[in-house]
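Engineer: Sequence lines, in order, name chains H and Z. For the first sequence, the numbering used here gives the first residue as 1, with consecutive numbering after it. For the second sequence, the numbering used here gives the first residue as 1, with consecutive numbering after it.
Please keep in mind that the hints were generated in silico from the structure rather than gathered at the bench. All figures in this text were calculated on a predicted structure; none of them were measured in a lab. Quick reminder that beta carbons are idealized off the backbone N, C-alpha and C, glycines included. Among the hints, erroneous ones may be present.
Unchecked claim - Not the full set, but computed from the structure, chain H residues with beta-carbon under 7 angstroms of chain Z: (1) L84; (2) G117; (3) Y130; (4) P317.
To be verified - Quick list of simulated restraints, FRET-style, between CB atoms: (5) A36/Z <-> Q138/H: 41 to 49 angstroms; (6) G98/H <-> G21/Z: 43 to 51 angstroms; (7) D90/H <-> A384/Z: 30 to 38 angstroms; (8) H413/Z <-> E140/H: 41 to 49 angstroms; (9) Q138/H <-> L267/Z: 40 to 48 angstroms.
What the hints assert, rightly or not - Pulled a few chain Z residues facing chain H out of the computed Cβ check, cut under 7 angstroms: (10) K4; (11) L7; (12) R225; (13) I226; (14) E228; (15) L231; (16) S232; (17) L234; (18) T313; (19) N319; (20) N320.
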Amino acid sequence: MRACLSIIDLCTGAPRPAFAQRYNDGRMTTAAATTPTVRADGLWKRFGGHVAVRDVSISLDPGEVVGLVGPNGAGKTTTIRMLLDILRPDEGSVSVFGAPISPQAQSRIGYLPEERGLYRSLRVIPNMLYLAGLKGMQREHALRRAGELFTLLGLEPHKGKKISELSRGLGQLVQFAATILHEPAFIVLDEPFSGLDPVNVRVMKDAVSRLRSEGAAIMFSTHQMTDVEELCDRVIMIDGGAVVLDGPLADIKRQFAGNDLFVATDLDPQGADGVLESRRDGPGYALRLVEGGAPEDVLRSLLERGAKIDRFELATPSLEEIFLWVVGREQAEVERDEQ
Amino acid sequence: MSSKTWLVARHEFAVTVGRLGFRIFAAAVPVLALLALIGIGVFDAVRGGDEPSGGAGEPAAEVTRVGYVDFSAGEDGQPLFTSFHEQDGVVFTPYADETAGSAALQAEEIDALYVFPRDFLETGSVVRVRMEDSGGGAGDDALRRFVLGNLVAEEVSERQLERLVTPYTVATVELSASGAPVEEGDGFDGGEFLFSFGAGMLLIVSVLTAAGYLLQGLSEEKENRIMEVLLSSLKPEQLMFGKLLGLGAAGLLQMAVWTAALVAFLLALGRIVDLPVELSAPSVETLGVALAYFLLGYALMGTVQAALGVVTTNQKEANNIAVFVVLPAVSPMWFLAVLIEHPDGVLARALSYVPFTAPLTGLIRFGTGGAGLGEVALSLGVLAAFTALGVLLTARLFRAYLLVYGQRPGVRHILRTLWSG
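Assemble the whole structure, with the sequences as input and the hints as a guide.
Structural biologist: This is the structure in structure tokens:
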């Protein structure tokens, strides 16, 4: 049986009480303040002998944008389908807006699946009206709201066209509009930017930011780590059907930051206290500290040596580096178990 | 019934009725019926115009002129055919020899020339001469009257002569189990049969069309991946029932248009030409039976087609498998002669209780008087029960396979799903 790893032992090989305490405290505080928009506890899903999702517990708060990341086949889509009540979990429970999912709750959820599709023979507006109707929207309200979204997303010239007449990117924008037409409080976007040109990516990102500011909880599944870093408050990483990472983006980055520093200074830091290695990196220097070295010791030593310091920061890894590191480690674990 | 089910139903109805193919198909029967009526009317008018007028203001009588050459001789050596020259609208004109007769034929004064040889009494042989491809000549009855009249006129009365020409006609009186004669209308009624048969054919076409649209729609939604969006808003069962309702309503609309066209066509046809059966508007019972068979037949076929749409990967594959469902539904046509000849026979009864063959068989049997309302009710009951089972099982398939893309589940897996839900 494969071990279900946590952020703590992934990062260091041993628990880090301070981070765990901070992270858990933060979550508890948030949970106590508001009812989570969606909360899943101990979800399991098996297809035949294959375990697609194992013991997944996640939650989203109002106004929070969470990135759901993981390699292909990790269990993201199955997890999303269980959150949306498209699939029933074998074990575990899901509550949306504080209660088991209901038709009323469904009408407050917007879902843009990765595999997108609309009725190709229908025009844009009938497509949107039908999907809005299924969410319980009145026709007049839906038409009014559709008009707003057409303007916002630049779809006005295309609203009378058939879906089959639209380019892939425009079709995707139309489906995004249909996803948020009914002003959902919980939105799931699965690879929303794939196939879009940079202009439309920006349009959609602005729309996502606006939805967040209006209080919607947004789950955002993607392989584009830069998008996650730009848009998400928190990251949930799934691999092998299990959550392997869950926490605020800044905390995770800090947690994965090693003993590396970046310093923009006029003096080569090599030889300063605690510095193992220094190399030129653009406008400054990338430093590797000695085992147990503290950044504050390096800063003090540089100041004592009269260095003029413009920037001094922990060199945090990108989310993509963290992703590759975590998934690579998971893969290694699997291979070791199989052997 | 939830509002989402109604919404799906309305959407499916609107999309289906909005299809150009549906509109053309629905309008085809009325248009063809109208064209047929116009064609028949024009043909009738042209034929009437060609006939000689019987006088001012009088309809032209249909008269056929034929000639004959009489070489025969009776026992007394005299020619046999000297009288009875007008028979059943045929005028027999004597000619002295074949040359004169042929000349009249070529001059289109007569349609045909009959040559009675010298040994006619011994052989009964007559030679008919007519222009190539003309098809002209006296009818059998007219010729028989002409020959018999001349042969035996002096020995029998006119009434006896009539019986010699038409020895008898048979009228059948059927007795019910109580011994009372079965009144006309309780048994075979030509109009009812024509309506039932026509409605049965249209029913099958309509049911298969509507069910085909359902299959097409489901396959498209799976291929388009819109299914996932739909299922985030409603339950698989709501989607299935909504589709069945919407497409059923579209099929019913098509059926109503076709039925109205069929009734109007038959009634109008009866006014234009003489038909061997008397036509009247179908009875309420017949309409009710047709409606019931349509609804249940469609529900069954639609359910099965929906199941196929769910477990297959694309529309082409679904259509290929659907043949195995369509064939049983139309199979009563293979036994049409038996069903009409023996509407209460073993085969007809058996097919009435097989769900896939029941709609067409039941409607034909009811139209021919082979099945009463009681038997039809039993047939509909069996069909309803089987359909309910089909709906239950298909709902299980919907839950299990709606989101399975690109791969067809194995038969064993499908059977396990059907069994365990």
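Engineer: Each hint: holds or not?
Structural biologist: Hint check results:
For L84/H, the shortest C-beta to C-beta distance to chain Z is roughly 5 angstroms, which falls under 7 angstroms, so the interface hint holds. For G117/H, the interface hint holds, the least distance from its beta-carbon to any beta-carbon of chain Z being 3 angstroms, beneath 7 angstroms. Residue-level restraint check for Y130/H holds (minimum Cβ-Cβ distance to chain Z is 5 angstroms; threshold 7 angstroms). At a threshold of 7 angstroms, the smallest CB-CB gap from P317/H to chain Z is about 34 angstroms, leaving the interface hint violated.
Checking the proposed 41 to 49 angstroms range against A36/Z and Q138/H shows it holds: the Cβ atoms sit about 48 angstroms from each other. Roughly 48 angstroms separates the CB atoms of G98/H and G21/Z, a value that falls within the hinted 43 to 51 angstroms. Remark: the range hint 30 to 38 angstroms for D90/H to A384/Z is upheld by a beta-carbon distance near 36 angstroms. Between H413/Z and E140/H the Cβ separation comes to about 46 angstroms, which falls inside the hinted range of 41 to 49 angstroms.
Look at Q138/H against L267/Z: about 46 angstroms separates their beta carbons, and that is inside 40 to 48 angstroms. With a least beta-carbon distance of about 6 angstroms to chain H, the hint placing K4/Z at the interface is held under the 7 angstroms criterion. Here the hint on L7/Z is kept, as its CB sits about 5 angstroms from the closest CB of chain H, short of 7 angstroms. The restraint placing R225/Z at the interface with chain H holds, with a minimum CB-CB distance near 4 angstroms, inside the 7 angstroms limit.
Annotation: interface hint on I226/Z holds; nearest CB of chain H at approximately 4 angstroms, less than 7 angstroms. Taken as an interface hint, E228/Z checks out: its beta carbon lies about 4 angstroms from the nearest beta carbon of chain H, inside 7 angstroms. Hint status for L231/Z relative to chain H: holds, with the closest Cβ pair at about 5 angstroms, below 7 angstroms. The restraint placing S232/Z at the interface with chain H holds, with a minimum CB-CB distance near 4 angstroms, inside the 7 angstroms limit.
Below 7 angstroms, beta-carbon pairs count as interface contacts, and L234/Z has one with chain H at about 6 angstroms; its hint therefore holds. With a cut of 7 angstroms, the hint placing T313/Z at the interface with chain H is violated, because the nearest CB-to-CB distance is about 14 angstroms. This hint is violated: N319/Z has a C-beta 18 angstroms from the nearest C-beta of chain H, more than the 7 angstroms allowed. Using the Cβ-Cβ criterion of 7 angstroms, the hint placing N320/Z at the interface with chain H is not satisfied: the shortest such distance is roughly 23 angstroms.
In summary, the structure is inconsistent with hints 4, 18, 19, 20 from the numbered list given earlier, while agreeing with the others.
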